[in-house]
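There are 4 protein chains.
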Amino acid sequence: MTGDPVVSDRDPIPAPADPIPTPSSPPPDIVRCASLELVVTDLAAARRFYVDVLGLVVTDEDETTVWLRTFDEFIHHNLVLRTGPVPAAAAFSYRVRTPEDLDRAVAFYTELGCRVERRSDGFTKGVGDTVRVEDPLGFPLEFFHDVEHVERLAWRYDLQPNGCLVRLDHFNQVTPDVPRAVAHMEDLGFRVTEDIQDDAGTTYAAWMRRKPTVHDTAMTGGDGPRLHHIAFATHEKHQITAICDRLGALRRSDAIERGPGRHGVSNAFYLYLRDPDGHRVEIYTQDYWTGDPDNPVVTWDVHDNQRRDWWGNPVVPSWYTEASRVLDLDGRPQPVVARTDTSEMAVTIGADGFSYTRKGDEERGFKLGHTL
Amino acid sequence: MTGDPVVSDRDPIPAPADPIPTPSSPPPDIVRCASLELVVTDLAAARRFYVDVLGLVVTDEDETTVWLRTFDEFIHHNLVLRTGPVPAAAAFSYRVRTPEDLDRAVAFYTELGCRVERRSDGFTKGVGDTVRVEDPLGFPLEFFHDVEHVERLAWRYDLQPNGCLVRLDHFNQVTPDVPRAVAHMEDLGFRVTEDIQDDAGTTYAAWMRRKPTVHDTAMTGGDGPRLHHIAFATHEKHQITAICDRLGALRRSDAIERGPGRHGVSNAFYLYLRDPDGHRVEIYTQDYWTGDPDNPVVTWDVHDNQRRDWWGNPVVPSWYTEASRVLDLDGRPQPVVARTDTSEMAVTIGADGFSYTRKGDEERGFKLGHTL
Amino acid sequence: MTGDPVVSDRDPIPAPADPIPTPSSPPPDIVRCASLELVVTDLAAARRFYVDVLGLVVTDEDETTVWLRTFDEFIHHNLVLRTGPVPAAAAFSYRVRTPEDLDRAVAFYTELGCRVERRSDGFTKGVGDTVRVEDPLGFPLEFFHDVEHVERLAWRYDLQPNGCLVRLDHFNQVTPDVPRAVAHMEDLGFRVTEDIQDDAGTTYAAWMRRKPTVHDTAMTGGDGPRLHHIAFATHEKHQITAICDRLGALRRSDAIERGPGRHGVSNAFYLYLRDPDGHRVEIYTQDYWTGDPDNPVVTWDVHDNQRRDWWGNPVVPSWYTEASRVLDLDGRPQPVVARTDTSEMAVTIGADGFSYTRKGDEERGFKLGHTL
Amino acid sequence: MTGDPVVSDRDPIPAPADPIPTPSSPPPDIVRCASLELVVTDLAAARRFYVDVLGLVVTDEDETTVWLRTFDEFIHHNLVLRTGPVPAAAAFSYRVRTPEDLDRAVAFYTELGCRVERRSDGFTKGVGDTVRVEDPLGFPLEFFHDVEHVERLAWRYDLQPNGCLVRLDHFNQVTPDVPRAVAHMEDLGFRVTEDIQDDAGTTYAAWMRRKPTVHDTAMTGGDGPRLHHIAFATHEKHQITAICDRLGALRRSDAIERGPGRHGVSNAFYLYLRDPDGHRVEIYTQDYWTGDPDNPVVTWDVHDNQRRDWWGNPVVPSWYTEASRVLDLDGRPQPVVARTDTSEMAVTIGADGFSYTRKGDEERGFKLGHTL
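Residue numbers (the numbering used here), protein chains in the order written: chain A, 1 to 372; chain B, 1 to 372; chain C, 1 to 372; chain D, 1 to 372.
Since the hints were derived computationally from the structure, they do not count as laboratory data.
Just so you know, not all the hints are guaranteed correct.
To give a feel for the contact side, a few chain D residues facing chain B, derived at Cβ under 7 Å [what the hints assert, rightly or not]:
1. 72
2. 121
3. 123
4. 235
Nothing here was measured: the structure is a model prediction, and the numbers come from that model.
Here a beta-carbon is modelled for each residue, glycine too, at the ideal position from N, C-alpha and C.
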């Protein structure tokens with residue numbers, strides 16, 4: 001009756017009604033999510049947020065672009081801020097294991113009929129031969145192997161701020177049809193680690209990994225393609241609350257959208273911020289090892305009020321509804337397709353939704369219902 | 001324009017319109033808040049909450065009563081749970097410096113016309129000569145000096161749970177007229193450390209101390225006399241989130257009412273829980289030294305959205321409206337008098353209220369307004 | 001002049017003078033270090049140490065054996081305690097990616113002329129088809145894929161002790177000729193992440209990984225084959241000091257051999273304990289991602305006093321000289337071969353050795369020299 | 001048999017053989033230790049250490065002097081660095097409750113025949129009417145009430161470094177005859193909270209408080225009068241290890257003399273540093289409330305190896321033997337008188353000394369004995 005999540009031996013997500021074909025070409029061997037390119041409308045404001053407030057390291061910068069990295073990183077950047085007219089995500093970038101994996105990426109997406117561009121000297125500083133595609137879900141993905149090495153600042157405690165960000169942890173993408181997106185990402189070599197469903201099998205979100213953490217990216221059900229958030233990792237929880245404390249001292253606490261809290265899914269400690277353009281940034285720490293080939297998959301009931309916050313604290317509506325546009329390879333915003341499945345917000349909050357703390361104990365209501 | 005609080009050399013709270021007389025008898029010399037006696041309707045459930053979940057130490061127990069203490073404590077108890085028909089607070093207990101201070105307490109309250117009872121062998125186990133009074137605000141106060149010493153378990157790391165509670169930190173009382181209550185508590189020897197006002201001088205809450213922390217008790221404006229909460233201290237912040245994590249694991253996350261978060265007032269890290277009877281318990285850590293005779297008083301603007309939570313996270317309505325009844329010396333609930341001043345909730349939340357993150361920047365709204 | 005370590009693109013360790021042949025058979029695909037089988041002389045005492053003090057989870061136990069796991073683990077065990085006449089390590093166990101990798105392990109070691117045993121129902125509870133070998137360095141290695149799944153207790157905060165151990169992190173092996181051992185482990189598919197050398201190229205220790213952390217095992221120069229230690233991970237540093245605090249409360253502080261401290265190598269926070277049989281256990285947290293194919297290798301100068309402890313605190317001699325015997329497949333202790341290269345202790349401590357805090361600043365001596 | 005410390009109702013320290021007379025004049029009412037004036041030989045180097053490394057706040061500075069404070073402080077300074085020819089402590093400064101307490105200080109020390117100086121405009125910036133004395137133990141003490149208020153930076157998380165120092169916690173003084181010093185400090189109004197003795201009643205050290213923590217100052221047996229150390233408090237333990245990490249990154253780890261560790265005495269987490277002139281600085285956090293009039297006194301056995309470090313880690317000899325000179329009111333170093341009682345180092349370390357982890361279990365030796 002506790003409502004604790006169900007553990008499965010394999011991906012428990014229903015087959016998609018309208019699947020993307022599986023290419024016969026093998027996918028590239030993706031090592032990890034490596035960086036995100038964000039278009040921002042006010043570069044100075046964005047730089048203040050990511051550098052002065054969050055403390056990311058400036059690897060390089062010019063008049064239109066700032067290349068940033070985390071303190072444990074040895075490749076050129078984990079985040080590119082680029083000036084543009086509309087806030088958007090321009091590239092979700094993955095590192096691949098070998099130079100030849102770029103050929104595999106070209107073949108894989110070409111077979112899918114996707115638009116593919118390759119530049120031997122990269123699309124941005126610090127990165128060599130690169131493939132960019134518009135994937136079948138509408139997202140701009142980037143694949144690269146060659147990259148400039150820079151100093152890993154892990155030992156540079158003299159430079160590290162309170163609340164030091166040490167790694168890029170993951171992306172989170174909004175897409176209308178989660179099972180369809182998951183099946184495609186599995187074709188690309190990703191593995192599901194956790195998901196949220198209801199009893200009818202409607203899938204609200206799924207987490208997928210290449211590196212052995214809970215995710216390199218997640219698919220969140222909603223109108224898409226959109227970027228839900230990018231997440232950076234700290235070592236300890238107090239480093240996340242230190243960022244909140246600093247935002248308060250700077251009278252920027254309204255940048256805190258949700259949290260801090262403990263996730264049910266992933267078991268990580270989290271915080272969600274909104275940057276000056278509204279791009280969402282998660283600060284995240286302490287999920288678990290998922291690298292075994294038979295890593296158990298954890299399925300949460302959408303009505304379990306501890307799935308998104310283990311402490312049962314409410315998810316704010318903006319977290320469900322707002323997200324960043326993504327660009328096509330010409331830099332134009334991709335059209336957004338509406339989700340047709342029921343939304344997680346609708347089934348869990350408000351007059352038509354419900355959640356429980358203990359399954360079978362619904363009459364007790366849940367915290368948000370008690371208080372608002 | 002930041003809206004940061006104003007610092008004063010002395011108590012900035014307006015004089016009460018209807019003051020309680022100042023006795024000519026000197027007040028007792030209060031050392032600190034020392035314990036609270038709570039009436040609970042289900043002793044087994046209350047014991048599970050305070051002992052199994054929160055990890056307080058059982059000094060003694062019998063069929064109707066459990067005496068509990070924190071790990072750094074050397075006196076018999078900091079919390080008494082006693083079975084009764086209605087959840088209520090039966091005694092706010094203060095330790096006084098000398099046995100003679102009990103005589104002073106008798107004289108002080110007798111002069112005020114309060115009901116006073118003295119028992120040389122105490123009202124509860126572990127405590128000797130004791131004075132109990134119904135104070136002019138309607139609260140049942142207890143004063144004692146003689147007390148049984150027990151082992152201070154500060155070094156007993158083998159017994160300490162994750163999220164170890166080390167001290168009773170303070171009480172928080174609900175009273176309709178805050179300036180009137182504060183002036184009376186100053187007569188009793190308390191000093192104001194922080195308060196919340198609006199530009200018109202309406203006072204919404206005040207924090208007052210005997211020991212050199214931010215408070216031994218606070219007066220919160222509302223229908224009263226009622227107990228708002230009792231607060232226990234941990235050493236570190238992760239010990240507070242550990243309690244949240246454990247509540248989640250026990251599927252008791254609905255016991256979390258508000259937080260965790262950082263207070264503006266007091267600068268402490270906090271969490272509010274509700275026990276099985278609805279009594280509110282705060283877990284609290286890391287306020288600041290207030291023991292200097294000229295300790296600056298900090299006054300917060302009621303519209304400053306960082307006053308109650310430095311990160312701007314919303315205060316849930318139940319936190320403003322719900323509180324525990326208090327008993328008279330015969331064990332009957334004291335009648336509750338309605339607050340006539342405007343309420344903090346009304347002026348800060350919802351259609352008629354407003355708050356700001358940055359003063360002069362109201363058009364930006366604030367977080368709660370954006371999201372609910 | 002700081003003496004900071006040197007970063008290389010590839011393994012900087014000199015080629016061994018007397019290499020072990022590289023098999024033509026491909027090595028098994030090792031996922032991670034998975035468990036260690038330890039022979040203990042007093043099972044009850046060992047159980048108290050690992051379960052009551054360190055808080056490992058008992059998956060199963062019988063009269064001669066206890067199977068233990070960490071809180072994030074989903075396979076049957078990470079540590080096997082087995083009664084025997086002489087304290088020793090009986091198996092360093094690695095999980096492989098597929099059942100077929102066991103065939104590869106058999107071929108790989110058979111080609112090397114090693115003793116190989118395979119049991120389809122495993123050598124211990126919870127594990128299926130297993131290969132055990134005496135490797136060319138004299139260590140008893142185990143490889144398995146099939147394993148019983150058990151509950152991952154990552155969310156069971158109600159069960160987790162203060163100082164919760166969440167993962168098996170690594171082994172550390174003592175071997176006389178580090179370059180020879182490293183070259184062989186690279187044949188087995190390991191990659192070097194860090195090492196300690198002197199200017200002449202004498203290699204004192206090397207760290208090697210399969211999973212993308214700093215190591216699954218390290219080779220420490222000394223008389224071997226012996227087990228230097230097994231390491232478990234916590235999430236946060238305070239969980240390591242909590243273990244120290246508990247040992248003090250239990251009057252078992254003499255179980256603390258070295259630390260807590262911050263490693264230079266790996267950048268992790270550490271503590272070394274000795275169990276009742278003298279087996280060394282490290283508690284370890286927060287190294288860095290090493291999973292990129294071109295992860296930079298970090299080489300430390302043996303005379304850098306911050307290499308083993310970033311704070312320059314002394315390494316106690318027992319840490320250099322004492323280690324556990326390892327068993328052959330018949331359960332007899334392997335003979336120990338003396339190291340012929342200079343020892344790290346000799347070149348860094350005492351009359352003949354030296355270390356520096358800042359290179360080129362040797363006249364300042366170093367901390368240990370000042371104080372003992 | 002554990003050897004745990006003994007708890008007493010009152011000061012258990014033997015009466016001194018050669019007591020300082022108790023004045024008939026009442027002592028001043030001391031609120032707390034408030035600041036220390038240190039003479040340094042290289043002001044720029046000292047400023048780098050206290051400001052750039054430790055992160056203290058510069059309230060004011062000129063060519064010869066820097067006035068520093070902690071982040072929770074609202075008075076002008078907690079530490080004065082002043083250029084001079086010989087490293088020394090020039091004033092141990094206490095805040096008193098009222099201006100009239102300065103008259104009491106004058107009378108108290110005049111009756112004792114001590115040299116007394118009073119300056120209505122203070123001896124240093126930021127402080128008004130001040131009394132300085134050479135106390136009967138040879139220490140230069142300062143008493144003041146009037147002081148300039150400055151901003152309390154407790155909420156200024158935007159300015160706080162990693163490892164933020166929030167309060168001056170205590171002094172520690174070296175004196176040859178501990179019982180004599182303690183009896184005199186009790187005349188001055190201090191209360192003993194803990195001490196170290198042997199079975200014969202030889203007293204090696206005692207901790208004494210005015211504010212309700214374990215101490216405002218301690219008396220450590222040794223050649224004196226000398227300053228053993230000054231201690232600043234952090235909120236959490238990780239802030240202390242952050243200072244160690246930063247010292248490592250700056251290649252200044254040789255500034256770490258002892259620790260970090262957990263004290264037995266006081267139960268606090270600690271670290272000892274040496275500044276560029278060799279002045280010792282402790283970073284300290286999380287002792288316990290001592291403000292009750294009958295606070296139990298804790299007496300530790302000098303042979304208990306957990307008394308100085310709860311984890312049994314060795315106390316380095318320099319910590320016992322080295323200390324800073326103190327100045328008379330003319331700025332000349334006070335002559336140092338040798339201790340005639342046995343020294344703690346001699347009775348606990350080395351060939352003639354012994355310590356135990358468990359009383360009655362001496363044959364097991366202790367950690368240092370095992371390893372050096």
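Against the structure, the hints:
A distance limit of 7 Å between C-beta atoms decides the matter here; for residue 72(D) the minimum to chain B is near 5 Å, and the interface restraint holds. With a least beta-carbon distance of about 19 Å to chain B, the hint placing residue 121(D) at the interface is violated under the 7 Å criterion. Look at residue 123(D): its Cβ only gets to about 20 Å from chain B, farther than 7 Å, so that hint breaks. Given the 7 Å rule on beta carbons, the hint for residue 235(D) holds: about 5 Å separates it from the nearest Cβ of chain B.
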